[in-house]
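Enquirer: Now for the letters of each chain:
There are 2 protein chains.
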Amino acid sequence: MGFSYLNNMPLAQARKAYLARLIESGFASRTETVPVPESCGRFTARAVYAAISAPHYAASAMDGIAVRAHDTFGATETTPVTLKAGQYVVVDTGDPIPEGCDAVIMVEELVRTEDGVTIHAAAAPWQHIRQIGEDVCAGEMILPGAMEITPAAIGAMLAGGVLEVEVIAAPRVAIIPTGDEIVPPCADPKPGDILEFNSSIFSAMLRRWGAEPVTYPIVKDDFDAIRAMVERAADACDIVLVNAGSSAGREDYTASVIASLGEVVYHGIAIKPGKPTILGRVGAKPVLGIPGYPVSGIIVIDNLLRPVLDHWFRQGPDGTHLVTATLTRPVVSGLKYEEFVRVRMGYVGDRLMASPLARGSGVVTSFMKADGILTVPQGLEGYPAGETVTVRLLSEEHRLRNTLVVIGSHDPLLDELADMLHSDAPELYMSSAHVGSMGGIMAVRRGEAHAAGIHLLDTETGVYNLSFLKKYFPNGGVKLLRCVGRQQGLMLPKGNPMGIRCFADIARPGLRYVNRQKGSGTRILMDYLCQTDGVDPAAVYGYEREELTHTSVAVQIAGGSADAGLGIYSAASLYDLDFLPICIEEYDLLVPDSAWDTPMVQKLVELLKSDKFRDRIEAMGGYTLDRPGTLIELD
Amino acid sequence: MGFSYLNNMPLAQARKAYLARLIESGFASRTETVPVPESCGRFTARAVYAAISAPHYAASAMDGIAVRAHDTFGATETTPVTLKAGQYVVVDTGDPIPEGCDAVIMVEELVRTEDGVTIHAAAAPWQHIRQIGEDVCAGEMILPGAMEITPAAIGAMLAGGVLEVEVIAAPRVAIIPTGDEIVPPCADPKPGDILEFNSSIFSAMLRRWGAEPVTYPIVKDDFDAIRAMVERAADACDIVLVNAGSSAGREDYTASVIASLGEVVYHGIAIKPGKPTILGRVGAKPVLGIPGYPVSGIIVIDNLLRPVLDHWFRQGPDGTHLVTATLTRPVVSGLKYEEFVRVRMGYVGDRLMASPLARGSGVVTSFMKADGILTVPQGLEGYPAGETVTVRLLSEEHRLRNTLVVIGSHDPLLDELADMLHSDAPELYMSSAHVGSMGGIMAVRRGEAHAAGIHLLDTETGVYNLSFLKKYFPNGGVKLLRCVGRQQGLMLPKGNPMGIRCFADIARPGLRYVNRQKGSGTRILMDYLCQTDGVDPAAVYGYEREELTHTSVAVQIAGGSADAGLGIYSAASLYDLDFLPICIEEYDLLVPDSAWDTPMVQKLVELLKSDKFRDRIEAMGGYTLDRPGTLIELD
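Sequence lines, in order, name chains A and B. All residue numbers for the first sequence refer to our numbering, where the first residue is 1066 and numbers rise by one. All residue numbers for the second sequence refer to our numbering, where the first residue is 1066 and numbers rise by one.
Note that these hints are calculated values from the structure, not bench results. A portion of the hints provided could be inaccurate.
The list cannot tell twin chains apart, which means a pair is met if one copy fits it or any two copies do.
[What the hints assert, rightly or not] Calculated cross-link-like contacts (lysine-lysine; reagent style DSBU-like; alpha-carbon spacing at most 35 Å):
| no. | residue 1 | residue 2 |
| --- | --- | --- |
| 1 | 1434 | 1081 |
| 2 | 1583 | 1285 |
| 3 | 1536 | 1255 |
| 4 | 1340 | 1149 |
| 5 | 1149 | 1285 |
| 6 | 1081 | 1668 |
| 7 | 1255 | 1535 |
| 8 | 1434 | 1583 |
| 9 | 1544 | 1340 |
| 10 | 1337 | 1674 |
| 11 | 1081 | 1674 |
| 12 | 1149 | 1255 |
| 13 | 1559 | 1434 |
| 14 | 1337 | 1536 |
| 15 | 1668 | 1255 |
| 16 | 1337 | 1255 |
| 17 | 1668 | 1401 |
| 18 | 1401 | 1583 |
| 19 | 1559 | 1337 |
| 20 | 1340 | 1559 |
| 21 | 1081 | 1677 |
| 22 | 1583 | 1536 |
As the structure is a computational prediction, the values presented were derived from the model and not from experiment.
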């Protein structure tokens, strides 16, 4: 049952040594000749020289007349000179300069008279003439080798009479999905089916880098079948990626397949995620075993395949845009690995904030939401919250400066607001992190958010939010924006099979409850209800089972892995669950004064007051609207 | 003969008002549905919601065994617990959690015994289980509308059971080349032929922005023919570009054609280059008249068409990367226009330098070489040398930091070195500007260059370069790198038809001489020879006709527009010209001490000493090599 990895190579070392091994095995790029107009974005295989000069003849640079300069000498405002027919030739821009002429006078400077054209200034020799080769001279180097071809370079080559160019060929990269449970993407998978979408992610990454992905049919976990497919791919392509089967489970054949066909250079890299990686070769062709989890795969391809492609294209490493940012939450990392943490980023005032996203290797959305990658070096235990860290930026900086950062309690309406915001104002974006109401209050206190969704019940007064603001913002400095009233209650399987009648029923033996994380308003409500209704949390099976959003609680119940959970009506109705109403709570948006005048917050206020917000919210159900977007008196 | 433009609209105003006019005319984008795997880089037409949860079942996150957590309670190092058959199920990563189990124990933590598996730690409920919807919950918004689809977003959509996505369609942009002299690109054009490569430049730009260019056949300067083609294009495409025919020459029909089919919104924008631009529409479709010079066209498309495309794709303006740089040479600009100056950039030490490139609208290579665009606002006369200016960066900053900046005297061998440098060290680049030897010395003095090619003859001593260094660097601080000896002489048409025998013959009546610019070493040599050989410059026809490089002097002679010029043998032989040798000069490279230790300069020295440099130089001919790359004693 499993065997330990051959090694735990530090990333930098593995990258360097693997590439060296490939090169000594004869790994090198191919070239091809393409028509210049289709060469944009390609890299020149060798220096490109002009075949002809541009312009290839002395040309007029203006509309006007071509003359002999010395015929015009002496002409001034007071002593004009008149040129007779034969002393000038009418030319348009681009016309060849007639034999004997050595200057052009602009049409604007001419006065037509009956016996010719009169000028009031002498022409300097060679004025307004585009000399041969002004742009490119025949034989001149237009582009060195291994340079990217830009639109302007295409123009320069065609101007220089170069119609075809030898470029570095796009490497064909085979992607072989393996696994007994792997099925093509579909909308109705069976339990145990694993959707094969990695090849689509990898293909899109490869195309962006100028490679040509070739996805092979899914192969079952069978040594001979995988071996045959790898052999076939290594024959037809320049690089081979075998997806999954790279760890040490019962059915991981990739390493032995590569060993049987060529060489396993490294198995196991000291990175997280991505450790179960295989760097191998078949002859001179790189063959890599990529971990099955999408996030691991993306990181391995970015960090270990990309350098191989850079070598192929004869390019230096890409300029990674590094920025320093403030970490909003602590990051704990293992000493054994170099860890790559996806972070969501945003400017609050002039501070660039980085919030770690879900770390699970299966969470591909974390990469979609990531604005940057924080690397925790091997041998470091991580970083505390508030630490200034260096982050590799994935999003454009101007986008981050225009991103509304919302941190706090989750509600699906935030996603709708994000959609409305960007659609209404294309230059604005919204990024939200779900850390519960208290998390939101703390984020605003630390100046890390433009807004926070909160719904905190004061169990003494029964009033929402206000007392918490008094406590955590004794000196004010914040505004409270009225958002919505939400119907809270127990979400139950369709038809309420266990016949739940009241909150206290969640303690029934055999009932599987699913809870929310500490610090969330719903968790506070849960604990408050346990008190008031005399329910002992210890008696609730699943009390310690925590989910981060209303939706994910609803999903557990809809999926049959739980029988009850506290949450909002809109989430329950989304999954057609039964719902036992318990109370209406106030879900408001907390905004620091410092962020009030930003275009993002002003647009947010405008949207909350809009009819289209009302329409969307009413369509979702379970909300009450009372002048959303207006300020609540903090007295 | 010509008419004044309808207007001279400031750029920002024209951009805004034109777009507003298009929108009120009904201009809007189309959408289309594409398979998700092919959607990378496209923009979502509306918000995308997950159809299923991912994972869609509770799955094991590890290889190991699935258990009931409470069966494991009490297990410790000292009091191990043994699970009997039936109390556990072996699971691999991704396997569904069996009914009744609520935790997974990793294979690494198990000890197999004859009567089952022994564990030394209790399992926390729900440990190592990927809950349903950990990544995506069914019904959750995956992407808002008008968002770019990334590789990870493709994975998120497929994980969420979304197989097709509605995206904003690529606008079809018609490009109609017009003009009687326009011919398709070729290697043997006749005098007067103008190669039509603008459509290839524009197409490449448009594809980069996600549009679909459609190039139409070349149309002659004929009102009816152009009108028919524009009508056809406006019918088949979303946007129409008519190239050239937008100025006020004798045969410019574009404006009247657009007026006859729809509306000319603006004719004449206050930008340079690019003034003769037409912003019009036919129905709701934008129809633009683009100036014929490639540089003007690129700037007009970038500044006036791009915003139209941004509106189509519902995107905010692109984040232009602005940097501050030091201007190496003055920029003079007209008050009437907003001027766009292409600049070459490089870091010398920590100073980012910007050198204006050739300003001619026909010089497409200036765009190819440009690292940035300097905008001189309307109403400003320009900037002095040394001014700190804001530049829009076109190249990546890390590339500029790795660019060897060579400013000074021109020699074709510099291009060969640029090619060798980047091929040898893909992370390094070289950028050279030709401003003559004295210009190079001044650039090094001002700290604007890593190296300067110089060949300055001390007319007293007959010694090259050294006395100039003593004069301009009295306190030292520079090194002189031995490069090559160059054969200087008179370049003459093949067969020497005018029978030139000696230098003094250039003053012969009827002979057309072509000179080099002041400050160039060759010009200094020229003037020195005039003295020594008693030639009166005033008697030399073409003495004031200046070219910037040896190659361009050779081209004028090869092209028949000049009969003689002073230059180096390699340039003459490139064009198979006759050559009357005059002297061998020392062409050396001046390097400031401050730049000596940079990887760029160190690589340069290495290359100068290499055999491949020797081979390339010998192939060019006309050079003598004496320990290139070694240092010359400065006394």
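Enquirer: One pair to classify: residue 1149 and residue 1255, alpha carbons no more than 35 Å apart. Within, between, both, or neither?
Expert: Between copies only: 30 Å across, 92 Å inside.
Enquirer: Which holds for residue 1434 with residue 1081 at a C-alpha limit of 35 Å: within a copy, between copies, both or neither?
Expert: Both: 30 Å inside a chain and 33 Å across chains, each within 35 Å.
Enquirer: Pop the pair residue 1149 and residue 1285 into one bin, within, between, both or neither, using alpha-carbon distances up to 35 Å.
Expert: Between. Shortest inter-copy distance 32 Å satisfies the 35 Å Cα cut-off; intra-copy 90 Å does not.
Enquirer: Pop the pair residue 1340 and residue 1149 into one bin, within, between, both or neither, using alpha-carbon distances up to 35 Å.
Expert: Intra 86 Å, inter 32 Å, cutoff 35 Å: inter-copy only.
Enquirer: At most 35 Å between C-alpha atoms: does residue 1668 with residue 1401 qualify within a copy, between copies, both, or neither?
Expert: Answer is neither; intra-copy 46 Å and inter-copy 38 Å both fail.
Enquirer: Check residue 1583 against residue 1285 for me: Cα-Cα at most 35 Å, and say if that holds within a copy, between copies, both or neither.
Expert: neither (43 Å within a copy, 75 Å between copies)
Enquirer: Classify it for me, residue 1583 with residue 1536: is the Cα-Cα distance of at most 35 Å met within a copy, between copies, both or neither?
Expert: Intra 19 Å, inter 77 Å, cutoff 35 Å: intra-copy only.
Enquirer: Checking an output row: residue 1337 and residue 1536, CA cutoff 35 Å. Within, between, both or neither?
Expert: neither (40 Å within a copy, 61 Å between copies)
Enquirer: Go through the copies and call it for residue 1337 and residue 1674: within, between, both or neither, with a Cα cutoff of 35 Å.
Expert: neither (45 Å within a copy, 45 Å between copies)
Enquirer: Indicate which option fits the pair residue 1559, residue 1337 if close means a Cα-Cα distance not exceeding 35 Å: within, between, both or neither.
Expert: neither (41 Å within a copy, 69 Å between copies)
Enquirer: How would you label the pair residue 1559, residue 1434 (within, between, both, or neither) given a Cα cut-off of 35 Å?
Expert: within (33 Å within a copy, 67 Å between copies)
Enquirer: How would you label the pair residue 1337, residue 1255 (within, between, both, or neither) given a Cα cut-off of 35 Å?
Expert: Intra 30 Å, inter 64 Å, cutoff 35 Å: intra-copy only.
The structure fails hints 2, 3, 7, 9, 10, 14, 15, 17, 19, 20 (numbered hints given earlier, in ascending order).
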